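So the protein lines, in turn, are chains C and P.
Going by the UniProt record's numbering, the first residue of the first sequence is number 1, and it counts up by one from there.
Going by the UniProt record's numbering, the first residue of the second sequence is number 1, and it counts up by one from there.
For the record, the hints were derived by calculation from the structure and aren't laboratory data.
Remember, it's a predicted structure, so these values are computed and weren't measured experimentally.
For every residue, glycine included, the Cβ atom is placed at its ideal position computed from N, Cα and C.
Hints may contain errors.
As the list claims (entries may be wrong) - Simulated restraints, written as ranges between beta carbons of each label pair:
{"no.": "1", "chain 1": "P", "residue 1": "Ala206", "chain 2": "C", "residue 2": "Asp285", "range": "56 to 64 angstroms"}
{"no.": "2", "chain 1": "C", "residue 1": "Pro23", "chain 2": "P", "residue 2": "Asp187", "range": "50 to 58 angstroms"}
{"no.": "3", "chain 1": "C", "residue 1": "Ala306", "chain 2": "P", "residue 2": "Ile7", "range": "25 to 33 angstroms"}
{"no.": "4", "chain 1": "P", "residue 1": "Asp10", "chain 2": "C", "residue 2": "Ala314", "range": "21 to 29 angstroms"}
Claimed, not checked - A partial selection of chain C residues facing chain P, derived with a Cβ cut-off under 8 angstroms:
{"no.": "5", "residue": "Asp31"}
{"no.": "6", "residue": "Thr34"}
{"no.": "7", "residue": "Asp42"}
{"no.": "8", "residue": "Leu45"}
{"no.": "9", "residue": "Val52"}
{"no.": "10", "residue": "Ile54"}
{"no.": "11", "residue": "Asp76"}
{"no.": "12", "residue": "Ala92"}
{"no.": "13", "residue": "Gly122"}
{"no.": "14", "residue": "Asp124"}
{"no.": "15", "residue": "Gly130"}
{"no.": "16", "residue": "Leu133"}
{"no.": "17", "residue": "Gly135"}
{"no.": "18", "residue": "Ile147"}
{"no.": "19", "residue": "His151"}
The primary structure of each chain is shown beneath.
Protein chains: 2
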Amino acid sequence: MAGPSRISEDGLIARYFAPLAGPGADGLRDDAATLTPAPGHDLVLTADAVVVGIHYFPDDPPASIARKALGVNLSDIAAKGAIPRGFLLTLALPDDWTEAWLAGFAGGLGAAAAETGCPLLGGDTVRSGGPALIGVTMMGEVPTGGIVRRHTARVGDRICVTGTIGDAALGLRLRLEPEAPWSAGLDPALRAFLADRYLHPRPRLAAAPAVRRHASAAMDVSDGLAGDLAKMLGAGRSARIDGAAVPLSQPARRALAAEPGLIDTILTGGDDYEILCTVAPEQLDAFRAEVAEGGIPLTAIGTVTAGDGPPRFAMDDGAARVFAAGSFSHF
Amino acid sequence: MAGPSRISEDGLIARYFAPLAGPGADGLRDDAATLTPAPGHDLVLTADAVVVGIHYFPDDPPASIARKALGVNLSDIAAKGAIPRGFLLTLALPDDWTEAWLAGFAGGLGAAAAETGCPLLGGDTVRSGGPALIGVTMMGEVPTGGIVRRHTARVGDRICVTGTIGDAALGLRLRLEPEAPWSAGLDPALRAFLADRYLHPRPRLAAAPAVRRHASAAMDVSDGLAGDLAKMLGAGRSARIDGAAVPLSQPARRALAAEPGLIDTILTGGDDYEILCTVAPEQLDAFRAEVAEGGIPLTAIGTVTAGDGPPRFAMDDGAARVFAAGSFSHF
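Turn these sequences into a full structure, and let the hints guide you.
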């Protein structure tokens with residue numbers, strides 16, 4: 001039980017979270033909110049939790065943790081071709097929580113919610129009895145029947161990915177081994193770029209409408225490109241990937257040049273939060289142009305093939321690699 | 001990280017949770033589900049989490065924990081006048097979780113979901129780094145604009161409550177002090193009744209349509225009648241409650257006869273999960289009749305008054321008691 005100097009649960013909600021409440025949330029003074037999709041639309045629902053020590057470091061800034069908790073959910077919404085409408089928050093706090101931490105958390109949450117037009121609609125605050133856990137359930141919206149599913153790729157479709165791959169996994173490695181030899185050639189700005197990619201997912205919301213119009217299947221890359229691609233294809237489909245086509249940032253290219261073995265980290269590490277999707281070849285140009293309108297790079301990296309094996313990555317050295325257990329699991 | 005003998009997260013979902021998936025959940029094979037309210041309806045959203053050692057005991061049966069996690073959310077949905085449509089589950093497991101626990105949990109979850117027509121739509125499974133936490137976000141449905149809010153009672157309205165009050169709090173006390181002198185006169189069946197009321201909320205779903213048609217304000221009683229009543233009334237309203245009218249079960253009446261001081265436990269203890277609501281006097285008879293059609297007892301216990309003080313309970317001895325800090329907090 002919180003000590004006498006602590007703010008009450010109701011006080012905490014009124015001070016830190018009520019200012020973030022959206023329409024239908026009644027200022028968080030009720031146990032429930034209302035939400036109604038626009039006529040001719042479905043709601044799209046997703047839930048992802050982040051836990052201290054597992055999905056983030058205990059000393060990460062609380063505003064960054066809030067951004068990450070929202071970002072991983074926004075990324076799922078975007079990958080389904082949906083527009084965010086709001087979220088509920090389950091905040092489980094450790095016994096030693098402080099108001100300063102909470103103020104920082106609420107500040108980051110509010111900023112991310114405002115930037116993405118995704119207000120807080122409700123939630124629950126409990127003691128965790130352990131480390132902090134931030135659970136988010138997010139609601140998005142698509143035209144009726146328009147959700148882009150994960151398991152609907154067709155043989156012959158082109159495989160595309162937004163942005164760059166591997167940055168967050170390299171940022172995490174740098175965080176764990178700041179003196180790693182491969183990082184010697186990275187100046188502070190490049191190191192900061194990788195660290196930021198780990199800490200702050202950039203959900204690809206601007207690509208969602210194009211994904212909905214063109215993609216035959218889609219998911220976000222959260223557990224590593226190789227493994228998530230295998231998950232997306234499922235049984236009866238495989239893929240031929242051009243390893244050299246996988247889009248890498250400048251710092252990732254430099255790191256890889258210094259240490260070629262990092263290709264495993266890049267292709268199987270987690271936390272990319274890019275959109276992986278498939279599109280019919282004849283729609284690729286239009287798709288790429290529409291994604292570019294949102295300022296987001298899109299790269300075709302391979303083709304869906306028939307078969308049950310894991311995706312094959314054709315590498316520069318002529319070898320074809322597979323990453324059979326190539327998916328990172330936070331569990 | 002789970003050891004090699006453990007089932008993977010995907011395997012766990014496929015084995016235990018996919019069988020509970022509802023329409024729109026795509027067999028839990030995707031990161032998101034769709035849900036669309038019926039034409040002319042709003043969705044009602046609520047989230048409540050339960051934590052081992054705080055909201056339940058570590059040795060409670062996992063099926064009971066699952067029922068409680070769903071029940072506390074169903075209770076919120078019912079108190080808003082809504083019908084449940086589905087839920088998302090955030091399951092944070094301790095490092096020593098077992099498949100036997102999980103199988104029991106999923107069994108209880110599936111049974112409660114089937115009984116209430118409220119399927120699983122998605123969720124997330126993570127390691128908690130501490131005790132287990134079960135977070136549920138639930139979606140219900142009401143005719144457009146029909147949600148019954150918490151802060152909308154009118155002076156002169158009658159205050160009503162379903163079922164009986166205090167049983168769960170007495171059940172919890174019995175659990176903590178099985179030899180409590182006041183319990184000496186309770187036979188095993190009465191003790192089991194109280195224990196069950198603590199362990200298994202009975203969400204008052206059958207009363208929801210009548211609440212929606214007649215109540216001017218409503219909430220569920222989860223943190224104690226006295227405190228929740230004060231919360232419902234808010235600023236500018238108070239209440240005159242007939243203490244003798246507060247509905248008590250037979251075991252609660254016996255316990256109270258043995259130990260009159262238990263009235264505080266009964267009126268301020270948590271976990272009743274009954275519906276507390278207000279209704280215009282001229283609608284009371286119709287409201288009571290409609291609630292009775294669902295097999296649920298309803299009792300009028302007092303009247304909304306003007307003023308800012310806490311609700312006043314007129315007791316048998318002629319005293320008027322207030323319970324200023326009368327709300328139990330799990331936080």
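Original post:
Holds or violated: Leu133/C as interface residue toward chain P, Cβ cutoff 8 angstroms?
Top reply: Constraint on Leu133/C satisfied, holds at 6 angstroms.
Original post:
Are His151/C and chain P close enough, Cβ to Cβ, to be under 8 angstroms, as the hint says?
Top reply: holds, 6 angstroms
**OP:** Please verify that hint: Leu45/C, Cβ, nearest Cβ of chain P, below 8 angstroms or not.
**Re:** holds, 5 angstroms
Subject >> Restraint check, 8 angstroms cut-off on beta carbons, for Asp31/C near chain P >> reply: This hint holds: Asp31/C lies near chain P, its Cβ roughly 4 angstroms from the closest one there, short of 8 angstroms.
Original post:
Taking the least C-beta to C-beta distance, is Ile147/C closer than 8 angstroms to chain P?
Top reply: holds, 5 angstroms
**OP:** Could you check if Gly122/C really has its C-beta closer than 8 angstroms to a C-beta on chain P?
**Re:** holds, 6 angstroms
Original post:
Taking the least C-beta to C-beta distance, is Gly130/C closer than 8 angstroms to chain P?
Top reply: holds, 1 angstroms
**OP:** Please verify that hint: Val52/C, Cβ, nearest Cβ of chain P, below 8 angstroms or not.
**Re:** Holds, because the Cβ-Cβ distance from Val52/C to chain P comes to roughly 7 angstroms (cut-off 8 angstroms).
Original post:
Is the gap between the beta carbons of Pro23/C and Asp187/P within 50 to 58 angstroms?
Top reply: holds, 53 angstroms
**OP:** With chain P as the partner, please determine if Ala92/C meets the hint condition of a C-beta pair closer than 8 angstroms.
**Re:** holds, 6 angstroms
Original post:
Taking 8 angstroms as the limit, does the beta-carbon of Gly135/C come near enough to a beta-carbon in chain P?
Top reply: holds, 4 angstroms
Subject >> chain P contact restraint for Asp76/C - C-beta distance below 8 angstroms >> reply: Holds: closest Cβ of chain P sits about 4 angstroms from Asp76/C, inside 8 angstroms.
Checked against the numbered hints above, the structure violates none of them.
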